[in-house]
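K.L.:
Put chain S on the given structure of chain V with help from the hints.
Number of protein chains: 2
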Amino acid sequence: MNTRNRPERMKSNGQTAPVAMAMKSMPVTHALAFSWPQRPSFCPPGMQLDARGECVVNAGPADGHPLIQAEQNARLADYERTVRARFNGIVPALKRVSSLQHEEDFVKKGQEIARETLGFELPVQVLDDAWVSSLDMKQLYGYSVLHTFRDLAAELTLPLDRDPRDADAMLRFFIECGFHEVDVSPCADGRLKGLLQYVLRLPSHAVGRVQSHAGAMFDVEGNVKKWTETELRRFREGVPTLADAGTRYLKIAVYHFSSSAPSHEGCAAHGSNELAAAEAALGRLNAFRTAIENGFCCGASVATLLIGVDTDNDSIKIHIPDSKGEMSLYRLVNNAEQFEQTAGMNPAQAREHLLAAIDKAAKTVGWGQGEGSPDAGMRRLIAQLLENNCSQIAYVKSEHNGRYADIGHQEKFICVGEGFDELRIRNLTYLAQMYTVEEGARDLDVGIKIFTGLNIRHGLPAPIAIHYRYDASIPGARDRAVERCHRIHAAINNRYKSLVEQGLIVCSLIVQAKAPDSKLEVVDIAEEKFGH
Amino acid sequence: MNTRNRPERMKSNGQTAPVAMAMKSMPVTHALAFSWPQRPSFCPPGMQLDARGECVVNAGPADGHPLIQAEQNARLADYERTVRARFNGIVPALKRVSSLQHEEDFVKKGQEIARETLGFELPVQVLDDAWVSSLDMKQLYGYSVLHTFRDLAAELTLPLDRDPRDADAMLRFFIECGFHEVDVSPCADGRLKGLLQYVLRLPSHAVGRVQSHAGAMFDVEGNVKKWTETELRRFREGVPTLADAGTRYLKIAVYHFSSSAPSHEGCAAHGSNELAAAEAALGRLNAFRTAIENGFCCGASVATLLIGVDTDNDSIKIHIPDSKGEMSLYRLVNNAEQFEQTAGMNPAQAREHLLAAIDKAAKTVGWGQGEGSPDAGMRRLIAQLLENNCSQIAYVKSEHNGRYADIGHQEKFICVGEGFDELRIRNLTYLAQMYTVEEGARDLDVGIKIFTGLNIRHGLPAPIAIHYRYDASIPGARDRAVERCHRIHAAINNRYKSLVEQGLIVCSLIVQAKAPDSKLEVVDIAEEKFGH
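Going down the list, the protein sequences come from chains V and S.
In terms of numbering that gives the first Met the number 0, the first sequence opens at residue 0 and continues consecutively.
In terms of numbering that gives the first Met the number 0, the second sequence opens at residue 0 and continues consecutively.
Everything labelled a hint here was simulated from the structure, so no lab data went into it.
Among these hints, one or two may not hold up.
If several chains are the same, the list does not tell them apart, and a pair holds so long as it fits within one copy or across any two.
[To be verified] In silico DSSO-like links for lysine-lysine, alpha-carbon gap of 30 Å or less:
no. : residue 1 : residue 2
1   : Lys94     : Lys225
2   : Lys496    : Lys448
3   : Lys224    : Lys518
4   : Lys513    : Lys496
5   : Lys359    : Lys323
6   : Lys137    : Lys496
7   : Lys323    : Lys137
8   : Lys362    : Lys94
9   : Lys513    : Lys225
10  : Lys323    : Lys362
11  : Lys513    : Lys224
12  : Lys137    : Lys396
Bound conformation, chain V alone (with noise of 0.2 Å):
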């Protein structure tokens, strides 16, 4: 393998200085010409233009770590931060509106400060109804929190995914370590909520597919059909490689773990246990290999790969596959460890001391021992999403002194229903997966009682944002997903009538269209259309 194929991309900022390693004398870009995009203004992944216009390795910043990527690490730091700020800001802006609700002009003044500190106004009928005994602060704590969230999903755009061209380097790169498609399936509990952006590094629209189930317990029949989905694009239209092409579609799973309160902050679907944790996703994921291989004949197969997440630092394990693709939860390469070995070591060596742990992993002898090493392709994927996690335990150690102030849930609100792309943020959202709450009022329930020790018992209520999607290519199909959105909110109106009564849930209902960029689209609540 030629390491000067291997993505790491950094766009020059003027703030990190790297050290420019010229590759030979040969323009990258040529030499790249099947792998990227050619564009003379854009560089593969690990590489950034130079004064001569050329690609070159990108050697990270001369004062720290040598795989960081200084520039995205700010960017997140940015996002994180103005986003944070917002939902933070809404409990002040709120005290002090509430301390004016009994002047006289309050309505006008109130509004001003929403304006002012939210962007956004608060609902007047709320407002006028304050004289009457005072001023309803569930119901505008549950509106803000809502309102705030699609707010920002409407304004910011993802910091990996503001240049488009970065999640074509990292498809064609997936597809260089021969994978076409790669579909991920975490925890949903709200600290992988940054998997793809922030632990991973990984652009949302080079992952085919996101589903996020308690405990990482994905739905292998649903699994089964996405993938006869991919594989008719690739057999009818060539897309993104031709039938014979020899690539396979992976799988991953992650699961997750605390490493400073195991036994407390850990996955609750698997009782805070990280081997149950572990085993139960390595389950799922031989269940749909076997399924695949099982129901389709001609040698169709699956791979593979388990991560698990420590979500007190986001470092992450990687599980290695042998030659077979069988993983174990005893072969695995500890990315944190990693880090901290290759420190002080120059980009090429800490990059070849990654791809050494993998292959000595790979040699795991006693419970851990596998068949022979992984391929090629999956090894140097590997070695790839180890580096990138480099940079976010670098970015933890950075903006969060190594450890997350909130190790546990601290989650804003609750997303019922597919889950969305936008504010791919830690701790802001717990997802709860369904498609009704008869299947999945065990996640619901979970939430709930989260909410109930974060606020309900401080007497705000859960706020709840229904969203589902819709293929508008469907006739029919926003319909349906605006019916399914009211469908839902009747079910956890009957659910938790208690709390609903006592305003203490506050449901937002979103649909929004299966097409990237698309925007939100609030449903109004009460146009009931459910029940025809």
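P.N.:
What follows is chain S alone, placed relative to chain V:
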């Protein structure tokens, strides 16, 4: 198109006296080498072996309509009688058991009667408890209906499924007509449960998929997924046709109406309005086709066909697609009329007459005007369906005096789930197709309303078979199907709490592998796996 290729299969049974019309002098088995299984004892539909062991066109019985298949009708009548007799025997048997309940050796005597008349023993606990107050007839009735259903499903093979070569032949015929998969969505109404075996005379395995929904309002998104699966098999495996074969997926939607009580016994989902039912079904067909055409490139499309059934006499109306595949509510062939018009003809004349009727309908002017005639394959298929239906019209004439006595609902039990392939017989089951009660509540409410009239107001319970299928090749799929049964059961108990407490709903939980000829497996209700 060669008439020799048109299948209408008839086995000689010694009772009818078909006039053998030897096909020229060429052995037909040879002429049809491509189309039909090459077994000397087997002839394609519409043909039979003559004394010399050659397939000859079956000309129909000398004493009746030229197109009816008398032997098939006799088989179907026998099947229907057997099934109805078993269900109709339940109440008399239970009355006999009830009359003995205060005798000393009641349990022994009661079980003897049950074994003799019903073929199974009654739950001993219920009999044992009779002395306390009185025999719980509600529970015994529900138990007996559901047990009889399962017994019949295990004992009997559907009349048209007894020779698997019939399905093979029909699949070949569909392919010759240009359709590699036929997918039928009837209304969930129990009066359409005999659609395939009786009304259209299609072997079960010839039809890739049957999905019943109230008002034939099938799930467009789900159908796109099913289409995707079918197409992938073609592209990957060349089954049932090669990707470049030019064949299409055919989606048939079936609405219904009642000619003798049009505004009372039509489709409840559409207010017993025939035009509304047809229009809604046509809308779904068009939505499905649009979804495929918009969602997939390279000229992806599907064929669609709309059929109406008069549930009083099982005669059909077929809406004739034009050259672009578009249909109209006002361009159709009414087979009740064709049956009468062809009554005095010979088979060849009658078949020509049906084709002419299609061609005439295609030239409809005014509201129903289309752009030209359907393609040759579609025309051939429609003619065959009309001809098949002639047998059923004759069947209703001879077995039910031309009009069913039960033109309204007379179902014996409700099936909640995906629908079963066994016991495809008219007015036996109300099918509430669903994966959650949350989504299917409306359909289930209609079912409970129907059974309130049929059973509950007489003090008898509504028996409900909760039935889900699993793909045995997917690890854990059976467990998930069992879990779904329990979840649905819990949701039913919750939704119809009062009825359940009065013993007026009795459920049986059943799972079944997706493989053909798989058995119904009873799930123990006590073994409550749901809720983990």
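K.L.:
The structure should be examined with respect to each hint, and the outcome stated for every one.
P.N.:
Hint check:
| no. | hint | verdict |
| --- | --- | --- |
| 1 | Lys94 with Lys225 | neither (47 Å within a copy, 54 Å between copies) |
| 2 | Lys496 with Lys448 | both (15 Å within a copy, 27 Å between copies) |
| 3 | Lys224 with Lys518 | both (26 Å within a copy, 25 Å between copies) |
| 4 | Lys513 with Lys496 | neither (32 Å within a copy, 39 Å between copies) |
| 5 | Lys359 with Lys323 | within (17 Å within a copy, 63 Å between copies) |
| 6 | Lys137 with Lys496 | within (16 Å within a copy, 34 Å between copies) |
| 7 | Lys323 with Lys137 | neither (55 Å within a copy, 58 Å between copies) |
| 8 | Lys362 with Lys94 | neither (60 Å within a copy, 74 Å between copies) |
| 9 | Lys513 with Lys225 | both (15 Å within a copy, 20 Å between copies) |
| 10 | Lys323 with Lys362 | within (14 Å within a copy, 63 Å between copies) |
| 11 | Lys513 with Lys224 | both (17 Å within a copy, 16 Å between copies) |
| 12 | Lys137 with Lys396 | neither (36 Å within a copy, 69 Å between copies) |
Of the numbered hints given earlier, the model fails hints 1, 4, 7, 8, 12; all others are met.
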